[in-house]
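Undergrad: The residues making up each chain are set out below.
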Amino acid sequence: MTNIPETGRTPRVQIRLVVIQILVLSLLGTLGGRLWYLQIREGAEYAKEASGNHVQRVVQPAVRGSILDARGVPLADNETRLVVSASRTDLLKQKDDGKAVLTKLAGVLGMDPQDVMLKVRLCDAKTPQPCWNGSPYQPIPITDEATPKQALQIRERSEDFPGITAEPEAVRRYPAPGKANTAQVLGYLSPVTDDEIQAAQDTDSPYLRSDQVGRSGLEREYDRELRGKAGVTRYEVDNLGRVIGQAEADPAQPGANLVTSIDARVQRIAEYELNEAMKTARQQWDRVTGEKYKADSGAVVVMEAKTGRIVAMASNPTYDPNAWVGGISAKDYAKLTGKDSNYPLLNRATQGQSAPGSTFKVISTAAAVEAGYPFDGRYPCTSSYSVGNQVFKNFESENFGPISLGRALEVSCDTVFYGLAHKEWQRDGGITPKKNANDYFFKAAHQFGLGKETGIDLPNEVTGRVPDRQWKQRFWQANKDAWCKQGKKDGTYVEKIAYENCLEGNRMRAGDEINYSIGQGDTLVTPIQMATIYAAISNGGTLYNPTIGKAVVSPDGRTVTEIKPKSHGRLPISAATRDQMDEALAGVATRGTAAWRFAQVGWPQDKIPMHAKTGTAEVYGKQTTSWFATYTKDYAIVMTISQGGTGSGASGPAVRNIYDALYGVTDTGSIDRSKALLPSPQKGLPKIKTDGTITSPKVAKDPAKDARAYQEGATAPDEQQPGATTASPAAANRDTRRRRKTPRRGSRRKLT
Amino acid sequence: MTGANGFSVSGYGPERAGWTRMFARDSVARRLDWPILLSALSLSLIGSVLVFSATRNRTVINQGDPYYFLVRHLMNTGIGLALMIGTVWLGHRALRNAVPVLYGLSVLGILLVLTPLGSTVNGAHSWIVLGGGFSLQPSEFVKVTIILGMAMLLAARVDAGDKPYPDHRTVLQALGLAAVPMLIVLLMPDLGSVMVMVIIVLGVLLASGASNRWVFGLIGAGALGAVAVWQLHILDEYQINRFAAFANPDLDPAGVGYNTNQARIAIGSGGLTGSGLFHGSQTTGQFVPEQQTDFVFTVAGEELGFVGAGLIIALLGVVLWRACRIARETTELYGTIVAAGVVAWFAFQSFENIGMTLGIMPVTGLPLPFVSYGGSSMFAIWVAVGLLQSIRVQRPMSA
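Those protein sequence lines, which keep their order, are chains D and C. Read in order, the letters of the first sequence correspond to residues 1 to 752 in the UniProt record's numbering. Read in order, the letters of the second sequence correspond to residues 1 to 399 in the UniProt record's numbering.
Hint data in this document are derived by calculation from the structure and do not stem from the laboratory. Among the hints, a few may not be true.
To be verified - Anything over 12 Å on all C-beta distances counts as not near chain C; from chain D, calculated:
{"hint": "1", "residue": "E49"}
{"hint": "2", "residue": "D124"}
{"hint": "3", "residue": "A230"}
Said to hold, decoys possible - Here's a subset of chain C near chain D, in silico, CB distances under 10 Å, partners left out:
{"hint": "4", "residue": "M195"}
{"hint": "5", "residue": "Q282"}
{"hint": "6", "residue": "G375"}
All of these numbers come straight from a predicted model, not from anything done at the bench. From the three backbone atoms N, C-alpha and C, an ideal C-beta is built for every residue, glycine too.
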């Protein structure tokens, strides 16, 4: 049975068996080759595809750092709101894709079920808002205004609400301590755009889709520091999106806190006084235009003179930054940016510019000294100055005869500066300038820091303008076609001006330089530039970059990065000239144009020497701009009101009130250090506790009201409406004088 | 069973006892084809690990026990080994006498599937659920009985020395014998198994020495049959879709192309050495469907890389190489035909299974021999290994 002869073995079968064997092996070879191709040659490609398959990122947003005032009072922080969110992954696991749960949820929250459904759908090209444009693995917020009762209902019956969470979450808040809203300084946040995500993708601080980005003010300037770093957890998910493991987890790092030099109380007073001053100005009759002053915008800056730090910065009109929290509504947006809005988002202190008027005369004085005119020389203060057939009037003062530069500053005599500027213009070659013209007056303006940013730590600061020869040439190039088309030799005033500009607008004419010397004409400055200049005069000549940020404090409080004051130049004046100027500006407050705001109404000049300069800038087609620049040895305060009247008239009382609050001065001139908010600038930082929190003192409900009550004495603490309402509209405010020792607050600005 | 006791290893030589007899020069153990046995065992054990990796997280199907499939795969391998030993003990010649009975039983089995007793799994109505988690796929056993039946018919007169080659009548009878179960399986419809059977028939005819006309005729008939199947809409939509997805792999990667796409991503991402056992993200994430059965090769590709997946192909190569040698070296045509049928079966099923995971063959529901999870397939394959061993054991030592 075992030894069967080889009968069945034929060549045909043998050959076929070999063929089968070869065929089988070649099949296996094919498999091996294909395996090599997929795994070795194309392996990297597939590995990439595989990793994209099953890693999902879930983002935990970082808590944004707070913005604090100099004493630690939060100006911008986060409040905890109860946010109800739905997890899409959990909803999709339910039979009806979570419809029943969402309907029940809408019932609890008192919302329309349809609205809730729309909120949890994913955005794509075809889906209009509302929809969710974040990661589908991220819980989708349904509302951030749940009441504790609603949250409790959801949490206690969690089995009825699978996939729904009610958690406290941090939401930005601008608490406005003591009613100091500080809107334009703080800025606001809005969601990151696609372009920004793209642009920041490969940097070391990439954006996340859920990020809010600072859009203006400190929120923007210090966005990187405040934002922190969002936590990213990479989950490995299976084919149904279920989490099967955690690949990597970077915990969220909260943003750093920013301590600023702003003092919330002073800020409130500045805002309040600015607003009150503008309200008062609107009651005043403008004889030139024959209507009441419009006082459409204004700004005030309170700066530490020795460091350039900003103690308060108010801009008017203003807005409530909380409008941006949680997405701005279309109506609010129109109110803030529309054509009739008067642009409250603009920070008038750094983004508003106008001619400086007589506050510019400190620069002209420095230029004159530089040009070789002795400070104590005698210069004729006539009632007008004529060049050819043009007559330049002495707007602000009367005929004082020959006076020194110091006295010219005190009484704000225009003609003294007209004469000096005209002489310099002639020295430089007149209408056909010498090749190397000295241009002392323009050079001085540049050296005082005009025509360029001060470098304040706020975004989009404007430069202002020094209308020197180069600027005139550029401006003429850009506008000559229009001027030449419009200009007529014997036409209206505007047409005549255009005609003249067409002919020689590229040249520096005598009138240009004369107007320029008293801060009129094409010169533009910002309040922050003027504050920087007057602070520099106070501190001996150093032009500091104004700063609001004082220190960046890491969330744990361990790392404190102080922001040191930086200087961007020195005033082009000698120490002697500075002292003389200082004396002259003190004279302004004691016997000059601002005396009726200070020395004559109980300012303790012997204890707190006050220096001031008033300015009233002409704007063609508009009412005059009020400028008031002041300083003590500690502070510089500059205030301006567009279409507000004269410097000391419109802005004077407000600036005085701010000083009163800072130093604790009453209307009668007595000083009570205990009532003084900041008799000397805040040194050092607020106390940082070991857990990283920063202690903050309590702020009164409204420091502005308290300050006024104290300044006026106890007789009328509840007086809220300034007496200006009773003012006679017939009197122009530049002619007003303040009566001394009046018990009633309002009478301080009462017109006589 | 008839002839069970007629089996003897050798008709001569002194009777030895115990271990000595086991390892005597002419003993069964010494004459077994160890490379095939060890390769098959290795494949089964590798398979058990891969099946475990693919199923330990699939709570829906493993009934909460991560070892559910591992244990069963090992159990199946054990039963398969026993079946092999039984087959060797009985001997393929003795089984020849039982072919009518076995053939009848297997055909009855596939007929039962068509009755309400049968159930549908993954679109193929080819299962009999026995209860207790056990189920049978009779079409797997039909593959064995077709080989045995055809070999019996084709080799009868040649081995008797009457003819050098099987005559036309015998070939026709053999084809008829294969056609009956094939038609039934086609009705299930289990197209994959039918394809395997067509290849088995082709291999058997080739090895039998039947005339070339039959061989080419069968190939032509196969082509015609494919067209007929297409035209008569015997195929279900899912089967047509599989071919469409094969023709265009980028077609609807979330739908019909999903399987192949994910399978290729899994294998491709393995690289040279793989992500390590139990660390394949495609596998852990259950991105590849049917990964413990038809797509088990993707686990090897991803977690063991080119080295591990190549080893599986190499081990299959060893089995097939040795099986071809067994076919060539046996003296009787019956053994040659049986061995060639098994080669055709294993080779095609391996090529189709691995080929579809690599994207060079269309997707059909065929298990990878030894490696894929599945009782019936495992049993049938080990019986086939037993047949190969039996043919090898019973050939003369001198050959």
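Undergrad: Look at each hint and say if it fits the structure.
TA: Cross-check of the supplied hints:
no., hint, verdict
1, E49, "violated (5 Å)"
2, D124, "holds (16 Å)"
3, A230, "holds (25 Å)"
4, M195, "violated (14 Å)"
5, Q282, "holds (6 Å)"
6, G375, "violated (26 Å)"
Hint check: violations occur at hints 1, 4, 6; the rest are consistent with the structure.
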